[in-house]
Amino acid sequence: MSPDPIPLRSASTLECRNCGAGAPVDEHFCRQCNRILAVQRFGDYFSFFGVPRRLTLDAADLEQRFRDLSRKFHPDYFYNAAPAERLASLERSSYLNDAYRTLRNPVSRIEHLLAIEGLPPTRHEDSAVKVPPALLEEVFALNEELDEIRELREAGGADTAALAARLASARKPIERKRDEHERDVQELSAKWDAQAEGEPAARKSTLETLRERLLERTYVNNLLAGIEREAQSLKPSSESPEPTAQSPKP
Amino acid sequence: MAYSDKVIDHYEHPRNVGSLPKDDANVGTGLVGAPECGDVMKLQVKVNPVTGVIDDAKFKTFGCGSAIASSSLATEWLKGKTVEQALAIKNTDIVTELALPPVKIHCSVLAEDAIKAAIADYKSKQTQDKTSSVGAGASV
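As given, the protein sequences belong to chains A and B, one line each in that order. Positions in the first sequence are counted from 1; adding 123 to them yields this note's numbering. Positions in the second sequence are counted from 1; adding 142 to them yields this note's numbering.
Worth double-checking, as some hints may not be accurate.
To be verified - List time: in silico EDC-like cross-link candidates among lysine to aspartate or glutamate, alpha-carbon distance up to 20 Å: (1) A:253 / B:218; (2) B:232 / B:218; (3) B:267 / B:218; (4) B:267 / A:260.
Unchecked claim - Quick look at which bits of chain B chain A covers, simulated, 3 or more residues with Cβ under 8 Å: (5) 164-177; (6) 180-192.
In case anyone wonders, no lab produced these hints; they're calculated from the structure. Here a beta-carbon is modelled for each residue, glycine too, at the ideal position from N, C-alpha and C.
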């Protein structure tokens, strides 16, 4: 789901392969000869759709733009065109689908914004972003609790209703945390949008905080997924008992 | 992609799982995590205050087989080393020993981070101890 790696090039024009005219990178058709332009993976999905680089998007407007462009790029219309144009139509259509999928989802939209603003998702090797120690403690303690519940269940003979209740109470604080994160992300997104004309340093710091929150969000969601799996296994006579033996993740 | 025999061995028979008293002045605790995969790793060392040698090391890791194996191996290596020698352990040593594939290198980085964090915690306790020797034994 993460966006394509963004080639950080500063090219601002495309060349029409048909007539050789130059076109801005966010044009889809040559202004001179009207032919479809070969797509450049320049990476900015916002400008591809002709929308401002904001995190608040009108979903209906985006869908409309997607539909309009889909129609314009559709390979059926290029059936008799030159091979280069047929290829361009195909590539542009596929790129459009990626762009739409990415911008439609609020989280991948933020990830994409971070990437084109020069803050790509962190790898662990690059330890620029650290998880707050308090969150680590919480994640660790919850994992321990989850482990204990799992062991008791696997040992058999335990009161599954009691275990389920224990699991439910373990889940509460982490769910609260998730809600907090969602709120934070929304607030920060609104802040970014309001800062469109603001100081570059302030805008950058908003993005950095956004990146941290997204990372923490991943953590919390992974943990919640683990709790959810255990909750399924604790369901009385569940129709599909899931094998949750601690197998190593791939 | 298959795990190497060594990874599987450490995964199935992890060494030194457990914990040491966190508030002990000679125990250093490192807690690190990799949010991308949801892993969290706790590694502790107990240092002999006279010799500066690590007498005991324990870990507990919630994560994939490679993360468990990396931290298990780290605790094995830590025992008997001085604090300074411990800091010289590099993630690449772990990668080589466990034959970790490229996608699992971050697990070894996590283990190295955990060692560094544990030792930093031990060192900070030592300096604190000297400045406030009266408060020794008081729980935090």
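Q) Regarding the pair residue 267 (chain B) and residue 218 (chain B), is the alpha-carbon distance no greater than 20 Å? A) violated (23 Å)
(Q) So if I understand the rule, the pair passes when the alpha-carbon distance is 20 Å or less; does residue 253 (chain A) with residue 218 (chain B) pass? (A) Status violated; Cα separation ~27 Å.
Q: Decide if the proposed pair is consistent with the structure: residue 232 (chain B) and residue 218 (chain B), CA atoms, cutoff 20 Å inclusive.
A: OK: residue 232 (chain B) and residue 218 (chain B) at ~14 Å, within 20 Å.
(Q) Quick check: do three or more residues in the segment 164-177 of chain B have a beta carbon closer than 8 Å to a beta carbon of chain A? (A) holds (count 5)
Q. Can the segment 180-192 of chain B be counted as covered by chain A under the rule of three residues or more with Cβ-Cβ separation shorter than 8 Å?
A. Three-residue rule met by the segment 180-192 of chain B, so holds; n is 3.
Q.
Checking one constraint from the list: CA of residue 267 (chain B) to CA of residue 260 (chain A), max 20 Å. Satisfied?
A. OK: residue 267 (chain B) and residue 260 (chain A) at ~19 Å, within 20 Å.
Violated hints, in rising order: 1 and 3; the structure is consistent with all others.
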